[in-house]
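Given these sequences and hints, build the entire structure.
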Amino acid sequence: MMSIAARRSAIGTCLQFTKPTVNASVFSRLVKDFVPAASANGKVPHLISRVNHIIRPVRDPLLSSQFYFRSEFTGATGIRLAHTDIKVPDFSDYRRPEVQDPNKSSQDSSEARKVFSYLVTGATTVVTVYAAKTVVSQFVSSMSASADVLALSKIEVKLADIPEGRNMTFKWRGKPLFVRHRTEKEIATEEGVNLGELRDPQHDKDRVQNPKWVIVLGVCTHLGCVPIANAGDYGGYYCPCHGSHYDASGRIRKGPAPLNLEVPFYEFVDEDTVVVG
Amino acid sequence: SKMASVCRVGSTVGRSLAKYRNPILLSLRRQSSVSYAQSLAGAPETRLTALDNGLRVASEETGHATCTVGLWIGAGSRYESEKNNGAGFFLEHMAFKGTKKHPQTALEQEVESMGAHLSAYTSREHTAYYMKTLAKDLPKAVELLSEVVQHCSLNEADVEQQRAVVLRELEEVEGNLQEVCLDLLHATAFQGTPLSYSVLGPSSNARTLSRQDLVEYLGSHYKAPRMVLSAAGGVNHEELVGLAKTHFSGLSFEYEGDAIPVLSPCRFTGSEIRMRDDAMPLAHVAIAVEGARVGSPDIVPLMVANSIIGSYDIKSGGGKNMSSRLAAMAAEENFCESFQAFHSSYSDTGLMGMYFVTDMHHIEDMMHWSQNAWSVMNMCTTVTDSDVARGKKSLKASLVAQLNGTTPICDDIGRHVLNYGRRVPLAEWDARINAVTPKMVRDVCSKYIYDKCPAVAAVGPVEQLPDYNRTRASMYWLRF
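Those sequence lines, one after another, are chains H and V.
Under the UniProt record's numbering, think of the first position of the first sequence as 1, with each following residue one higher.
Under the UniProt record's numbering, think of the first position of the second sequence as 1, with each following residue one higher.
In short, the hints are calculated from the structure, not lab data.
Beta carbons: idealized from backbone N, C-alpha and C, even for Gly.
Treat the hints loosely; a few may be bogus.
Away from chain H, derived, C-beta distances all over 10 Å, residues of chain V [to be verified]:
id, residue
1, Ala-106
2, Glu-143
3, Glu-239
When the alpha-carbon atoms are kept at most 30 Å apart in a straight line, the in silico DSS-like pairs for lysine-lysine are as follows [to be verified]:
id, chain 1, residue 1, chain 2, residue 2
4, V, Lys-452, H, Lys-114
5, H, Lys-205, H, Lys-254
6, V, Lys-393, V, Lys-447
7, V, Lys-136, V, Lys-245
8, V, Lys-97, V, Lys-140
9, V, Lys-100, V, Lys-132
10, H, Lys-175, H, Lys-185
11, V, Lys-396, V, Lys-132
12, V, Lys-396, V, Lys-447
13, H, Lys-212, H, Lys-185
14, V, Lys-83, V, Lys-100
15, H, Lys-104, V, Lys-83
16, V, Lys-439, H, Lys-114
17, V, Lys-315, V, Lys-393
18, H, Lys-154, H, Lys-205
19, H, Lys-158, H, Lys-205
20, V, Lys-136, V, Lys-100
21, V, Lys-452, H, Lys-104
22, V, Lys-245, V, Lys-100
23, H, Lys-87, V, Lys-83
24, H, Lys-114, V, Lys-447
25, V, Lys-393, V, Lys-452
26, H, Lys-104, V, Lys-447
27, V, Lys-452, H, Lys-87
Set out below in structure tokens:
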């Protein structure tokens, strides 16, 4: 608290209130002019605590009036003078229970605290990696075929609609699919074929799940034309493009095609229905 | 070349003499060099006696014409509270301002007329008042010391006068950045405990401590069982004990209300404190882990480890071929102005670490390589036998070299008796150091350093100092 009394004049421009960082050498000249006779507790306040309260007057030679100042000391100055005044804050709010007591060594609990921290970190890492993997694979798999496309990938065929000896063609995955209801005679013939004769030897039972039904892709293995059903020399299919003859099991018998007609994955849902794909 | 020719002549003479095995000359040669082992075995014994009131008297008769005698007291800033932190230091200032029998000028005159030096120091766990004088003045010295410690006058006017001196000293110590840095290190490492207090105390206490506070401090801590009258030089132990009985029998050994101050353990907290000031030219950084207490068997391997890392100062002239790898690197890459490995031990804990001074662009490098030195050289399988052998030798050499006068010896005696209850002779240190193996160094260092939380204190332009989490992460390697 400071109070200044002075004669009325252009004082304002002449007075300077110094901040605590006034040069000590300025003090030494002025201090003796300012020593209060006695302060409250009877002790002579010493050099440094005056820092907060000094007013440094600037003597204007033109002014003849005398200034006098009265200053009081309010106790603790609040300036940091020394590094020993730095107080490390109390972090008790953040401490774990084992290290709350300042009179107990922290070494005993250090192992336990570390293990806990590392376990939690490790577990979180595992969970995070798993979560990240899940997220990433979800995004990546969004680029794969959508449900409607996948739905198109399977086809359900009602076998009751196909009379014996006849072949039906379906569009499946953009390709023709032949479903042939074979007669007993055809089945016997195909099963009896000598594998040595075949360009692409495959026994009939390896190409069908139920001998009554032959399900093959209607794509000629030569250059991709669609063979005609119930045509050709072997009672099967005949490809008109280059003259490939397939038998009732879809195997190549004559002509330029190298392989048998492809057998897709299919399964019989029940007696009358097969799902291909 | 004159020097060289003299050497050549000398060596020829020596060789020819040796050939003839002249007994007189042989004995001359033997006298001129005593082996290290012989000098250890031949060191004078430190004698220890205890008085009835618990005061211990210890001395080593070295045969010097001078002696150092003093009182080592088990009191320090660790025994203070937040309210009276700095009392010990203040008391040290008051000590030489006159006693009941000798007012200040009389005391000074007595001391000066003997040609003696009267000094004191205060540390966290010890306080010492000692006098260096001629051996024949021992009785007078003991008398004066007894007065200083027991009958210090402590008048109010002196207290006020010394207050200003203490405050000025506080200001001055701000310029000693090593002190500041290490004080801050203690403040943060042992936060919330008495070991965090600086010996100097905060300025607020310096302004408010009263005569009563000092008297209370004296009364609670200057007790006979916690004091050692130690002497080294041309002193006779019996004479010293007699003097002690004469002057120190009145020393109190009882506490008021039986309230014996007991030191509780001090918790170490891995933490960091930075006092950033970009206007300073150099940054002072200290990093430490909790170390070994004074009587721990791990002290010797840790001291060997510190010897291996060593110290460095840019003014010292050693360059890139220095034996400490860290020092060689620091010299070649200009990482720092100086560094040193240190280990401060207290009665139940310690601080082991590295302190370095560097400019603002090399702090990160220096911190990295210092931690590397800790982890690579001392913990992983890379402490070599030759490193350990070198460290052991240099540790032995420094232990011996420290005791180069009556005052260091007297100080050694005083501190040892306070810490261990006896003087540990050099031969024992030697034996303990010899027992250290590389595996021991690795194991002990791993126990104290590996994956432990360090305390870091930094003063100056410390922007480049890595974040504490990074420093903490460098305390271990992911090696499987």
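Right, here's what the structure says about each hint:
Separation of Ala-106/V from chain H is adequate, the least Cβ-Cβ distance of about 26 Å exceeding the 10 Å criterion. The claim that Glu-143/V lies off the interface holds: its Cβ sits roughly 34 Å from the closest Cβ of chain H, which is beyond the 10 Å cut-off. Annotated as non-interface, Glu-239/V keeps its C-beta farther than 10 Å from every C-beta of chain H; the closest such distance is 42 Å. As the CA atoms of Lys-452/V and Lys-114/H are separated by approximately 9 Å, the hinted pair is consistent with the 30 Å bound.
Between Lys-205/H and Lys-254/H, the direct Cα distance comes to roughly 21 Å. Compliance with the 30 Å bound is thereby established for this hinted pair. The suggested pairing of Lys-393/V with Lys-447/V holds, with an alpha-carbon distance near 23 Å, which does not exceed 30 Å. Straight-line distance between C-alpha atoms of Lys-136/V and Lys-245/V comes to about 19 Å, which keeps the hinted pair within the 30 Å bound. With a CA separation close to 18 Å, the supplied pair Lys-97/V and Lys-140/V stays within the 30 Å bound.
Using a Cα cut-off of 30 Å, the hinted pair Lys-100/V and Lys-132/V holds, with the two alpha carbons roughly 22 Å apart. Simply put, Lys-175/H and Lys-185/H have alpha-carbon atoms about 29 Å apart, close enough for the 30 Å limit, and the pair holds. Of the supplied pair hints, the one linking Lys-396/V and Lys-132/V holds, its CA atoms being roughly 27 Å apart against a limit of 30 Å. The hinted pair formed by Lys-396/V and Lys-447/V meets the criterion: a straight-line CA distance of about 24 Å does not exceed 30 Å.
Pair hint Lys-212/H plus Lys-185/H holds up; C-alpha atoms about 11 Å apart against a cutoff of 30 Å. Under the criterion of a C-alpha separation no larger than 30 Å, the hint pairing Lys-83/V with Lys-100/V is consistent with the structure, at around 28 Å. Pair hint Lys-104/H plus Lys-83/V holds up; C-alpha atoms about 22 Å apart against a cutoff of 30 Å. Between Lys-439/V and Lys-114/H the CA atoms are separated by roughly 25 Å; this keeps the pair inside 30 Å, and the hint holds.
A threshold of 30 Å between alpha carbons decides the hint, and for Lys-315/V with Lys-393/V the separation of about 24 Å falls inside it, so the pair holds. Note on Lys-154/H and Lys-205/H: the hinted pairing holds, with a Cα-Cα distance of about 23 Å set against a maximum of 30 Å. At most 30 Å may separate the alpha-carbon atoms for a hinted pair to count; Lys-158/H and Lys-205/H meet this at roughly 22 Å. Annotation: proposed proximity of Lys-136/V to Lys-100/V holds, straight-line Cα distance about 25 Å (limit 30 Å).
For the given pair, Lys-452/V sits about 17 Å from Lys-104/H by alpha-carbon distance, which is consistent with the 30 Å threshold. Restraint check for Lys-245/V and Lys-100/V: the C-alpha separation of about 20 Å stays at or below 30 Å, so the hint holds. Under the criterion of a C-alpha separation no larger than 30 Å, the hint pairing Lys-87/H with Lys-83/V is consistent with the structure, at around 13 Å. Under the criterion of a C-alpha separation no larger than 30 Å, the hint pairing Lys-114/H with Lys-447/V is consistent with the structure, at around 14 Å.
Between the alpha carbons of Lys-393/V and Lys-452/V the distance comes to roughly 29 Å, so the proposed pair stays at or under 30 Å and holds. This hinted pair checks out: Lys-104/H and Lys-447/V have alpha carbons roughly 19 Å apart, not beyond 30 Å. A C-alpha spacing of about 24 Å is found between Lys-452/V and Lys-87/H, which places the hinted pair at or below 30 Å, so the restraint holds.
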